[in-house]
Structure formats: C-alpha cells, structure tokens
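Chemist: Just so you know, the protein sequences line up as chains A, B, C, D and E, in that order. So for the first sequence, my numbering puts the first residue at 1; every next one is plus one. So for the second sequence, my numbering puts the first residue at 1; every next one is plus one. So for the third sequence, my numbering puts the first residue at 1; every next one is plus one. So for the fourth sequence, my numbering puts the first residue at 1; every next one is plus one. So for the fifth sequence, my numbering puts the first residue at 1; every next one is plus one.
Don't read these hints as lab results, they were simulated from the structure. Remember, it's a predicted structure, so these values are computed and weren't measured experimentally. Don't take each hint at face value.
[What the hints assert, rightly or not] Facing chain A, from chain D, some residues (calculated, C-beta under 10 Å):
1) I12
2) L17
3) I19
4) L20
5) I80
6) S152
[Stated by the list, open to error] Here are the simulated DSSO-like cross-link-like pairs (lysine-lysine), alpha carbons at most 27 Å apart as the crow flies:
7) E:K118 x D:K451
8) D:K114 x D:K40
9) D:K163 x A:K90
10) E:K115 x E:K481
Note that beta-carbon positions come from the ideal geometry of N, C-alpha and C, so glycine has one too.
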Amino acid sequence: MKLIMIIFYVLEVIAGLSAVCILFTRNIFYGALFLIVCLLSISGIFILLNAEFLAVTQILIYTGGVLLLIVFGVMVTGKLLGKPLVVNNKYWLLGCILGASVFATLPKLFSDVKFYSNNSALTPEGYNSINQIGILFMTDYVLPFEVTGILLLIALIGAAVSISAFTLFKKL
Amino acid sequence: MFPVEHILYLSALLFSVGLMIIIIKQNAIMVLLGIELLLNAANLNLVAFNQLQPQTFTGQMFALFVIVVAVCEAAVGLAIVLRVYKYYQTSILSEISELKE
Amino acid sequence: MEKLITIEILTGAALLTPLISFLLCLLIPVRFSWVVTIVAPILLLISTSISIYLFVVVPNNTSLLISIEWFHVAQYSFNGNVEINRLSILMMPLVTMISFLVHLYSIGYMVGDNGTKRYFAMLGFFTFSMLGIVLSDNLLMIFIFWELVGFSSYMLIGHWIEKPASASAAKKAFIFNRIGDAGFLIGIMIVWANTQTFDLQEILHMSEIYSWQTAASLCIFCGVIGKSAQFPLFTWLPDAMEGPTPVSALIHAATMVAAGVFLLSRVFPLFTDASLQVVAVVGAATALLAALSALNQFDIKKILAYSTISQLGLMVTAVGVGSANAAMLHLTTHAFFKACLFLGAGSVIYALQIANRQTENFDVQDIRNLGGLRKKLPTTFFTFIIAAASLAGIPFFSGFISKDSIITSIWYWSGNTFSWRWLLLVAIFVVSFITVLYTFRMVWFIFFGKEKQSASAVTEPPWILRVPLLILASASVWFFIAWSPFNPSGWFTTLIGGLPDSILVTSISGGLVLLAFVTAWFVYTYKKTQIKSLRILQNGFDLDIAYQKLVGQSTVQLATVAETVDRKWIDGFIHVAAYAQVSVAHVVLWFDKYIIDSSVNAVAWLAGVAGSFTRSFQAGKIQLYIFWAVAGLIIFLFFILI
Amino acid sequence: METGLSETLELITKSILYILPEVILAAGIVTVILIGLATKNKSQNLIVWVTLLLFAASLIFTILNWSLYTSPVQLFAGMIRSDDFSALFKILFDVAGILTVLMSMTNDEIRETKFKSEYYALILSAVLGAHLLTMSMNFILVFLALELLSISSYVLAGFSTNKKGAEGSLKYFLFGSVASAIMLYGFSILFGLTGTLDFSSGDFVDRLLNNQTPLVFVAGLMTLAGFLYKIAAAPMHPWAPDVYEAAPMPVVAFLSVVPKLAGIAVLTKFTLAINLFGQSNFDWQIILSIVAILSITVGNFSALWQTNPKRMMAYSSIAQSGFLLIGVVCFSIQGIQFMLFYGSVYLLVNFAVFFGLQFFEKNNVNSIPSFSGWGRSHVMVSVVMFIGFIALAGIPPTAGFTAKLFIFTSLWSAYEQSGKDILAWLLVFGLLNTVVSLFYYLKIPYYSFIKTSEKIESPKKTNPENYLALVLVALVLLLFIRPDLLMGWLNRINFVL
Amino acid sequence: MSQYLLSSLIFTPIAAALFVLFIPNEAKKTFRIVTLAISAIQLGLLIFIIHQTKDSTFSSFLLTEKANWFSIDLGTWGVLQAEYFVGIDGLSFSMVTLTVLIMLIAGISSWTIDKNVKGYFILLWILNGAIVGTFVALDFLLFYLFFEFMLLPMYFLIGIWGGPKREYASIKFLLYTIFGSILILIVLIALYLSVQNPDVQDRVVHTFNLIHMTDAANYITGSILNPDKGWMIGAHSARWWAFVLLFIGFAIKLPAVPLHTWLPDAHVEAPTPISVILAALLLKVGAYGLLRIAYPIFPDIATSLSWFVALIGVISIIYGALNALASKDLKRLIAYSSVSHMGFVLLGLASVTTEGVSGAVYQMFSHGIISALLFLIAGVLYDRTQDRMINNYSGLSSKMPMYFTIALIGFFASLGLPGFSGFIAEIMILLGAFRSFSANGLIHESFAIVATAGLILGAAYFLWALQRMFFGPFYIKSEIKPSQLVDLDKREYSMLLPLVLLILVFGIFPQILLDYINPFAQHFTDSVLNAVRTIQNP
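Working from the sequences, and respecting the hints, build out all of it.
Modeler: Below you can see the structure in the form of structure tokens.
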C-alpha cells in the first residue's frame, strides 16, 4: 500500500513537473517529449485509479497517435523553414496573471468542497472493468459511441480537406 | 484509496499550465500541446471523481470519449496549422494576423 | 320693424360694397385696369349714399344690434355682431365720404401708375375694414378689422414697390402697429379671461367696476397708441408719408389713425379713472412733442403728418379727461380739414411734378422749394387756406369749435385748485399756440412769398383733383358743425351727446389763437429777413447736429430737442432693439449651430470612441483573444464571488 | 443484470425511431461523400439536390416525429430527450441547412472548390451536431455534439481558397478548442459535485442544492464559457469577426445562425438546471444579464465603424446573441417562447441579408462604401436587404420589431417579478443599443440608396437567390402582421424543460 | 362599404404602391396619374365619411373598425392582445382631412421629380398611407407601427431626392426621430404591461387599446403605471417618467426647442413636395401624439407639468421666431417659422381649456395648409433659379406679379393676419392660455403674454423677407436670364390657389372645422380634468 502511494506521488510529481517543463522549454521538440512524459505518467495514475482500459487508451491514442501527429507536424513545419525549432514567448505577463489566478483559485476551491461520493459498496473483487465498459458502450453509451464514429469521420474529412488544400495550392 | 484532492491539485496545475502555454507560446503547435494539457486535466478530474463512486464507470466513459475527441481535434487542428503554414510560411501566431480591423 | 330690416340690409350693403369693390378690382384682368377707376368710385359712391341715407334716417338714440354668430367654441360664442349706434352712424358717412372723395381724387392723381388695380383694391379693402371697426359690436371683431386696416395701410404705403423707402416705411408701419396690437391682444385676453365674451353690449354694461378693467383698458390703449401714432410709437406715421398722397389723406390723416380715438370712445365705459389719467397724459405729451416737431419740418407731408399726430394727441387727451364726445367732434372736423390739407398738398405735388418733370433731384415736397403758388393754383390755395385755418383753430372754422370743446373739457377737468392737471392744460394751450405757428409757416412758404423758378410752369391740376378739395374745404367751415361759430351744439351734439361749453374758455382760446396768428405773422411775414436767414442757414444742414446750431430761437430749439428725442431716443431705441434683436437672433443661430447641433454630433462621436475602444481588443492576435475571453470569465468570477 | 441488458437494448432499438432525422443526416453524410467519390466531385447538382433532399427529409421527419410524443421522451438511457423545445430548434436548423445549401449553389467559392461533397457533408454533420446538441441531456453528448458542430465549422470556415480562409479557420479552431476544453473542465467538476452527467436529472439538482459552494459557480461559469463561445457572446466573442470575414458567404450565414441557436438551446437547458429553479446561491440571472449587456454593447459599438460588411454582420450577430440571451435571462416560459420567436425571425432575416450580401459580393462589392449607388440600379435586392437590416435593428413593420417587443416584454415581467436592478439596466441598455445599432444597420442602405457612384458594373441579371431572399423578407413582414401565426404555435408547445 | 371606410383610406395608397411595383420606371406619366387617382379616391372617401357622419357627434369615435390583430397567450402572465382598431373623432377627422388635401397638393407638386420616379412615388404612397394610419389608429401598437412607418420613406425621400446636403439632413432627421420613437416605445411597453382589457373578465388581457389606457380603472393593481400606486423611479413616479418620455418623443416630432434642429436641415434639403409633407403633416404627428396619447393617458402628470409644456411652447415661439429673423435662406426661415407656430400648439394644449385645445387643433390644421403654401412658394422660386438665399433677390414683384401676390398672401397668413386661418387658431390658443389660470390654474397668464411677442416677431421676419425679396429695384444673383423668370404656370396655380382658398375659407368660416374640433376639445378637456380629479380624490 505504501509503495503504491509512493508510486502515485512520484507519478503526480512527474506529471506536474513535465507539464511545467513544457512551459519553460523553448524547443518544440522537447515540448512534445515532455508532453509524452506527462501523458504517460497520467496514464500511470489512471492505472492506479482502477481505470486500466482508459490508461491503455491513453497510451495508445495519445502517446501513439496524437503525439506522433504532433511530432510529424513539428518536423514538417521545421523542415520547410530550415530554422531551429525554437519557440518564442510573448505575453508572458498576461499568461502568468491568468495561470496564477487560475492556479490560485481552483485548488483553494477544491479543498473546501466535499465531493459527491457513493462508496458504500467497494469494488467487488474480480470486477472486470473492461467487460463492463464494453457492455456500456453498446447499451447506455451507444449513442455517444455512434456519434464518436461520425465525429471521427468528420475529423478525417476535415483534416483531409485542409491538408489537400495545402497540397493543392503548392504552387502558391 | 488515493487522495482525490491530490489528483485535483494536479489537474488544476495542468489546467493552468495549459492555459499559460496557450497564451504564452508563439508556435501554433505548442498551443496544440497546451490544449491537450487542458483536456488531460479534465480527464484526470473525471477519473478521480469516478473513484468516489467506484461501482460506476460514468467518469471513465466520459474520459474515453474525451480522448477520442482530443484525437479528432488534434488531427483537424494540425491539418489547419499546416495549411496556415503553407500560406504564411510560419506557425508563429502573432504573425498570422491579417484578419483585424 | 320693416324699417329696421331695411336698415340692417342697408348697413350690410354699405359695409360690403367696398369689399365688392376690392374683389372686383382684383378680378378685373390687367388689360382692363382702367375699368377699376370707374367701378371703384361708383361702388364707393353707392356706399357713401347709403351711409348718408342711414345717417339721415336712423333716429338719434338708436342702438340697433344685428346678431350674427361667427363661430363658437364649446359654450362660448364668438359673435360678429353689428351695432348701429350714434358713433357708428356718425362714422359711417365720414369714412365712406372721405373714402369716396379720395377715390375720386385718385383717379386723377394715380393716372399712369401701373399698380392702379392693386391701389383701388386696397382702397376698397381699407374702407371695408374701417367700416368693420366702426360697426362691430365685438372686441374681437374690432381687433380683426383693426389688423386688416393695418394690412391695407401696409399695402398702400408700400404701393410704389420699386421705392426701397416705401417698402421699409410700410414694414415699419405694420410692425409698430403690431407692437400696439400685441398690447391690444393682451387686453382682449384679459377681457376674455374675466367675462368669456367679447360682445361690447355685455362688456360695457357691467354693473360694477372691476379691478382688472384698469389693466384691460390700458392694454387696449396700447393698441390705440400704435394705431393712432401716440407717444412713444408715433414715428411710423411721418415715414408712412412715402405712400401716395391720397392714401395719406385717407388713411394716415382722416380715418385709420383716428380709429384709435374712435375705439377709445367706443370702449370708454371700460376705462377706469386711473387708466384715463394715463390716456390723458400720453395724449397731451404726444400733442406737444408732435407740434414741436411739425414746426421743424420742411417736407410738406411731414409737417402734415406731425400735425396729425399732434391733433390725434389732442383727441386722446380729450378722451382721457373724460370727454369722449369732444374727441369725436374733433375727430370729425379733423377728418375733413386734414383730408383737405393732404389732398391740397397732393395737388401741389402733382402740379409741381408735372411742371418739373425734366428737373432732376427736385424735391417737390420740400417747402423751401415752393413759394408764391397762390396765383398759379387758386383753387388749391383757396381750399388749402380754409382747411389750414380750421387746423389752426381760427374762429369761424370747424376746427375752432372742436378744439375749443376739447380745451373746455380739459379746463373743467383740471379743476379750480392747482394740481398737475394744470400742467396738462398749459401744455394743450401751448399746443394750440404752436399749431397756429406751423400752420402759418407752412401756408406762408407754399403759397405766399416770391414765386420760385419751379412754379413757373405750374398749372392747376384737373378738375377731378379739385372737386374733392372743394367739398372737403366746404365741410371745414363752422356751419358744417353748428350754427353758432362759438358753440358746438348742433346736429352733432344731438347725435352724439352734449359737449361742455364755456364762454370764458372760448374767448381765451380764441384770443390765444389770434395772438399766435399775430406772432406767426410777425415772425414769418413782417420780419422777412429772419425767414431768409433761416432758409440760407438751412442749405448748410443736412445733418441733425448742424440743424441744431441753426436754431437760436427758443421754440425752434425746443423743437429740435423734441426731434432729437424722437430720432435718437425713441427711434434709436427701436433701432437698438431691432439690432439687439437681430444680433440676439444671430447668437441664437450660432448657439443652435454649434451647441445644440454639436451636442448631437458629440453623442455620435462618443459612440464612435466607445466603438474604437471595444474594437481595440480586436487586434487580430488569437492569443490575446483567448486571454481576454478567459480574463473576462475570471473577472466575472471575482465579481460574483467577492 | 442480464434481463436489464436486453430491455435496454430493446429500448434503444425503439429509440431509433425518435432520432430518425438524425439518422437520416448521419446516413446522408456518408451518402454525400460516396456520391462525391463516385462522381469525382464533378456533379455539383446531384450533390446539392441530394443534400437538399436530406435536409428536407430531416425536416419532414422532425415535424412528423412530433406526433410520436405528447410529452418529452427520454431516449438512449437519458442521453437525449425528444421534446417540443428541441423539435422546434431542429426545424430551424434544417431550414437553415436548406437555405445554406441554396446559398452555396450560387456561391463562386463553393462552386469552384474541389471538395463539394466534403463541403455538403460538413454542413450535414454540423446540422447533425446542432440537432444532437439541442436534444442532449448528458454532458457526454453535449460535449460530443458540440465538438461535432465545432469541428465541422472549423473546416467550413476555412473553405475559402485564400490565405485569410486558413487564418480564420485556425483562429476559430484555437479559440474553439480552448473554449470547449474549459467547458469540459467545468463538466468534470460538476460531475465531481453531483456524481452524474445527466444535468436534467433530479439527482443533479438535488446534489447541487445540498452542496452549494463557490466551486459550483466556477464550474457553471466554465461550462457557460463553452456555450457562450458557441453563441459568440461576450466575453467569448472575439473570434467571430475574424472568422466571419474569412469564411465564404454561405458559411458565414450558416455560422451566424445554426451554432448560435444550438448554443442558445443548450445554454437555456443548462442554465435552467444550474440555476436550480431559482434556489441557487449564485444569481445566474445576474451573470447572464451582464453577459447580455456586454454582448449587446460590445457588438453594437464595435460594429459602428466597420467597413467590411461581413465583419459588421459578425458584430451584429454578437449583439443579437445578447438579445437572444435576454429571453433566457427571464427564466420564464414566456421568455423562452419569445426567445424562440426571436430566433426564428433572426434566422429568416439573417439569411435574407446574407443572400443580399452574397449577391453584392459577386459584383465585387466588398466594403460598405462600395455599396454606393447600387440601391438605385438594383432596387429589389437592396430593398430586401434594407428590410432585413431594419428587422435586425428592430423597427416596424418587421417581425424584428415584434420579436424585440416580445423579448423586452418578457424581460420587463421578469423585472416586475424579481425586482432586480440588473434587469432594468438590461432593458435600458437593450433599448439604447437599439438606437446605436441603427447607425450601422442603416449604413449599407445609406450608401446604396443615398450616395451615388459613377462606376456601377453591368448588373448580373436573374439572381434566383434574390427572389428567395424576397420570400424570406415577405415572411418577416408577414410575421409582423400576424405574429400569432408563429406565437400561437409556440404557445401550444408543451415546454417541460 | 361604410364599414371599411377608414381602412380603405389607409390602404388605397399602400395597395397602389404594391400594384405599381410592376410598372417600369420610365412610365412617368402613369405614376403621376396614379398619384392623382389615389388622391381622388381618398377625397371621395373623405366626402363619403363626411356624409356618413353628418348626423353624429364627434365627441366619441366614429366609423370604428375593430379586428383582432394578434393575441398571444403568455400563460400565467395573461394574454397579450393587439387589435387593428381605427376610428375617427374630431381631432382625427381634421388631421385626416388635412392629410388628404396636402397629399393631393404634394402629388401635383411632385411632377417635377425626374430621377427614379417609380421609387419616389412608391415611397410617397407608403408615406401617405402611414400618415393616415397614424391619425386614425386607436391601438397604441398600430399607432406606433404607422408612426415608424412614416420614418423610413421620409428618410429616403430626403436622402435620395434632396438637395446638396441631403445626406447630412436625412441622417439627422432619422437619428432624431428614431431616438424619439425609442422613448415612445419604452412607454408603449410599460403601458401595455400595466393595462388590461376590461371586457374580458376571467383573465388578464394586456391590451394596446388607447381608449382603455385612458381609464384609470383598467390599470392592473401593482403595475408600474398604475395611477393609484404606481412605481417610483428615482424621485418621481413611473407615470411621471412615462409622460416625460412621451413628451420628449413627440416634442422631437413637433418639433419643440431645443429638440428642433433636425427640422431646418431636413426642410432645406428636402425636395419641395417633401418639405410640404414634412411641415404640413409630419410635424402634426407630434402634436397629435400629445393630444391623443400623452395627455389623455397621463392626465395627472400632464396637468401638473402643464407649466413646463407651456414653457417649452413659449420658448419655441420666441426662439423659432428669432431664428427665423436671422435666417438668410428662405426655406430655413419658413422652417423656423414652423417651430414658432408649433410652439403655439403646445401652449394651447397645455392650457387644457376648450378654446385653447380647439385652437391647438385648429393651429395644426391651419399651419398644415399655410406651411404647405409657403414651401410651395419657396419651391416655385427654387425651381426657376436653384437659389434660396433671400438676399440674392430683390424686386421680384415686377417680374412675377402673381407670384408676389400669392407669396404676400402666404406670408401674411403665416404671420397671423385676421381673415386667414392662422389667426383664428392663434387667437384661440392665446385666449385659452390666458384663461387657463383663472379657469383651471394650470398655466400662468404670463405665458400667453410672452407668446404675443411671437406675433410681433413673426411680422418682423416675414415682412423683412418680403421687403428684401419683392420690393425695391429688380435684381437676382442667379445667372439665369430674366426672361426665364416667368410667372406662375398652370400647374403651380393648381397647387397654390386651392391652398390660398382653403386658408381663406378656414380663416373666414372657422365653424366648418370647429364643428368637428369642438366636440373633441370639449371631450378632451372634460376627460383630462375629470381624470385628474378622480385620481387625486378617488
């Protein structure tokens, strides 16, 4: 138990630190890598929180899919220019004001609140969350599930249209 | 049982850092990273709150959908960024400001 | 009963014939404008005959009311009642007859004028309006006709449209009258607020005297001041002489200006003691100032104009001292002799203009250019001198009787013990003294003395100009009024009512007139050198200041002071007021343009500034957009939570 | 558990009937794409007509579905609810879809694009998103539907073939993503507080009632941020002008109506829930009033000096969002009915105006001063636009006036009932801004009718879409003369929210 | 037929406007003929109305037409009902008569319009219908509809067919009047929220009915404008504010100083027929609104603020006249004289005496025809020389004697010479204003006394202009040949002479019109004063 708590805290610290590092790094590439670290540690937290399926999805889709896309994007834009992948910062002050005020407010509010909990019956042993999730997808959440399908299709079309426009007007 | 507050603090941190990245970083792709952070902050919340009612999966389900949406957004967003890049030869946001008064 | 109906119809006919003349004159095409010179006098003749017939036929103490409702508002009626009473029966023939004679005279006088149509139309319209004043039994109707005579006066003064001076004189006359009329209108409003009627039948026969009557009567008197050219609004009348001379005779001597005096007599019961005292003082002051002015004029028509003002002042004084009858008597006599004088002056002008057609810049109206015309213009001279004698108040002429009765009334009014009223009496004596002086001066310069170059080619004007003169002159002799040359009782007193009479006053005033005559003879005739020096000195003055230097004699000096007061102060005040008004108007316009308008523009500008402020968030930078949006949310948050 | 499962599945199959319009639209997306692939995007007409047909079918089934329920029906385990309120909005979306397609038919940018099928598929999906958004009762579906609508819109906004199109698209995307992420964060907190994602359920309200902390307010505000972004209300409005300026005309027309109405629909449902039927510690009425005041003021004042007609219309749409919000602010059934009336009128008017603007755009009239003199050579379309503008400004004899009158009436009665000063201020601001709005609404008519210009190009004759605009304007006039035609209908609707 | 008389009067021109949409722009003659035909039909209808109502008293509303316009269920809050409700009483009748007459004249005057004839006439007809509608509407919403409906055609008529500064003038006009109408709208909303239809007992029916609004019993208890227990907004009652807003709204239209500055610009820039309509009809709408709406609905406030209304009236009289005196432009002079004359309307209205109110209505009518004549006179000259500056002319009477005659009549009629209609109106107003203090104590006598100064100033500026333009030696600055400066032609006679005739007829036989106005005025004063009494001592 204690070890798990330590792992939990370590994961939390890693996630937080890597997020902050994205803020401070000036290299997009490093930024993307930090994000991978951050997301991976979050997926670790997910596992600890009994959300194994979610954690796997997180790793597969995010670190595998999203970030690949991003890194690809970074490479493309970087290559085309031939400039170093350095990001300039602007509006430091504004950003800090905003971030500070959010970060000052939210935890304070969170700590004052008693969240709804219904843990009278703890998770039964051998409770198969993946199985349950599968059933839920096909029953209660079938509509969102289908909508997600359409959403993906539209995203595909949209991305295709945008990118094709990009290739189409290469001559520009 | 893991302390929910801790996860919430982490999510608040991720959220504010995400917002700061969005505003401060000049590169469009970095902004995309910031948005991902925001979404993950929300996901953390959802999963954490789901812990408080362990016999249900509501929060987790939501988080799953959020991840899918994040993918879609990332894909479309990246496509748009690339397109803009083609026209403007830059992904620095403050230089992409032809549309104004 | 049958007879009364006839009277009604006849009155209506007399009233409306001039109106028909007006309409006909308007409708006749320009090509046939000569027709109007025939139609208009004939119609006036008809009106005159009817009036005289009525004058003869209607019993003396009749008060016949013809009720006509004009319109009504709720329970209040606005009537157009016509009342035939002793005053209207006297005034009707007076107005129509003089008008007819002026029509007749104008046929000759206005020959060759291209505005004949308009001229005769307005004469007809004037006569109609004047009859309206005379016949109305309603204060509002009197006011209406009062304004209408003002309008016809405007049109006739400005008859010679091309002459800038006549246009400004016309305007001046109308506006001065309007100022008086505004007062009149306020008086009318006071009467209305207190009685809710305008019928004089009711207003004049109230059982008790109310306090508002003082205010009302004084306001109505304002109208009289304007119309009858009383102090301080008399300066328009001399200017009004820019109009054709027959018009001056009809409107600005005999009838319209006398309408004020008529009105005073008509609404006399409305006047309280306090207001009557004001009337008397104003009248006397006018009489004195105008007489002094008249003594200082060279323009023949202006002398007559000032003399008219002075005589009107006398009449007003008479009303003020409570003797409306005396005023009416003087009004009647004055109408004839002053019309005669004006027409006479007109025929002098006419004759000289014909004779001096070739001479440029020749002012025929300046008495200094005239002289010795008695041989060239015998008829004119004869009639003129009769009328002048009447004006001067020489015994055996009508003017003497009427003026005498006025002085007698003042004499009685001023009482036996010394009071400020004596001053007024003295003033009136002075006026009648000066009257003789300026009359003598005028007559002497025109008809006596050496014959001038200008007079060489002069011939008598045509008969159509002379006949009216003769008729009017004959009406200026004493027997026209009364059998006794020293006592007013005659047809007039039987019609209007008794007049005060005092042998003492009669002899005093007769003596005074003779004394004045002698003085005048001494000054102007016996000491001819003085006249010469006067004439020589005059050549150097075309400015008022220089004019002042000329006068060494006290009377002339006084006269100059009077004129300076007139020109510099009263007229000057009006001018200053007018300038002030115009400049205020300009300031107002400026205010309008820059302050009120620009406040509207300022609002638009502010809206624009606000717009550019809200737009300034829109710099095209997406991150700033996001910042502002999120910051907005946070501000909301703090706004609500804290 | 097992029996429950089969019952659930049975219920789901039954539910499909209720979402037939949505099914049609979803199938339509695929159909259109397939047609596009088959014809290599060459047969424009076929795609257009199929799309029209799909919208018409959706419209018809939406209307027909009305007979299925007399009271609201919960579908898909409480994910969505079929009720009168959403049905009405769905009709509006379908009409807007039809009008957008008709408008696109003659738009040069759309005709020349290589992606016709994709374009129409995106419109279909956006309308589908709007449909789902108004029906959804669950945060998950709200989020998904909103994203469906948003992602379609992002791409649609970039359909211009020029630089600006890409920029607008990017800005829209970034702003939208951030807004929806913030909204999502709000959802997550609300989930934590209530343990449910179904915001129409009694649990949601009860648990919030028992746990009224500032966090509820923060979460509510974050959630609102997403909705306000959809309706382009202050302070979530800055994206609108840039996006409108860049997007093709039919898309602008579409964006100014469909997302806005969908957003206001879900916002209405959400605020009614979060306001806890008036028992909330936090006064959402005040928040929404401030938002409305800000939107109206910012929109109107910024619009004053615009020279680009699209940009001006963007600000106008911001201001109109404020007016729509007034209906929500009232928190009364009348308010919502009047808001619906306002929304319907707004749809008709906005499309009429955009039809006109598109016509002029074709003739290279791209800035407001260049409208000079066009009113005289093209009387009909100018008059149509003019009536549209005065309807937007709210001057009789247009339904715009009636709508404003109704909206203000409900606001007033809300004020009378609650006595909150902010509502009176809202009323005052609303009225004063009506005057301000005239300054810019009449700008184009002013230039086109009163200014003169020498160089008017030869007119393109026969513009069928102008006649369509005429029909819309005629409807607006008709609704002024007989507002009860629509209001009577709205009145009969059973509003259980 | 007699049932729909008023509607036909309103909708004839509007229907014509729709019908004519399909006639090409080039058929100028057709438009002119249709305009005449519309006026002819309206005249016929008017005569028929006179015939129909000859046995009725005009104190109540006649020829009423009532139809449900829309009624919307608001659930617990009641029903919102608007009606198509029109009818005429003495006030409406005189204004409708004026409208029909002026529209005829303006139609003839519009023959000189050359550009964009179709648009012009369509707008003119819509304007025609809207003005008639405003004067007969008895439902506040309907009134407001027509009220607004006038605005936009006017805006375009000035803006498109106006003079060189037309853009500025039209915008100014629009902004002022829109501002005013927003104020009226606020009161409109507040009123219908407060008033219920007494004919329906079982539930609250909010109504726009102007007649119901005048009855204090119809106000819902606790509503904002309830006479007994209305709301307070700041230091004053809501009713006070409502009256003030209405007053400002209508005063802009009237126009009263200091809200008048749109008027000179609009008048100067508008084409002649539009100036005529503007001066003769649109200004009357402001006064009509005060008489029909502001005073009867808020008698308590109106009477307590009468001194203020009268003060504004007197200021307008004097200020307008002073401005007219300083004006160098003929049309501007006439425009300012309108300000001055409409001030009299306010004064008469404020007195709430029978003669004062009769006079106010009479002044509205009389100013309508006189100002129409004056603007036509200005237009005649402008048509010939394109020059309106007074100082650029001199001695015109020698070249254009008939024109001079008509101008003379117009000027003297305007300065209130007896025999012309303006005199009757002004004298009644002054009498009423003066008597008010002793009769009902509303306004002090000094207002009437100061107002008489307006008469003097009126004489001053008109005569001065007359002197400068028509007297003296002939001179014009404009570069046209003197031979082109012809006297009036037949068309001009056909506009000017009827007006001259009307001015004279109504100046000499006022009873013709007073038969219609009197019952209204009496009813108005009685009801206003009674209402005040009942509100103060329930």
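Chemist: Each hint should be assessed against the structure and marked as holding or not.
Modeler: A quick look at each hint next to the structure:
no.: 1; hint: I12; in the structure: holds (6 Å)
no.: 2; hint: L17; in the structure: violated (14 Å)
no.: 3; hint: I19; in the structure: holds (8 Å)
no.: 4; hint: L20; in the structure: violated (14 Å)
no.: 5; hint: I80; in the structure: holds (7 Å)
no.: 6; hint: S152; in the structure: holds (6 Å)
no.: 7; hint: E:K118 x D:K451; in the structure: holds (18 Å)
no.: 8; hint: D:K114 x D:K40; in the structure: holds (9 Å)
no.: 9; hint: D:K163 x A:K90; in the structure: holds (24 Å)
no.: 10; hint: E:K115 x E:K481; in the structure: holds (25 Å)
Of the numbered hints given earlier, the model fails hints 2 and 4; all others are met.
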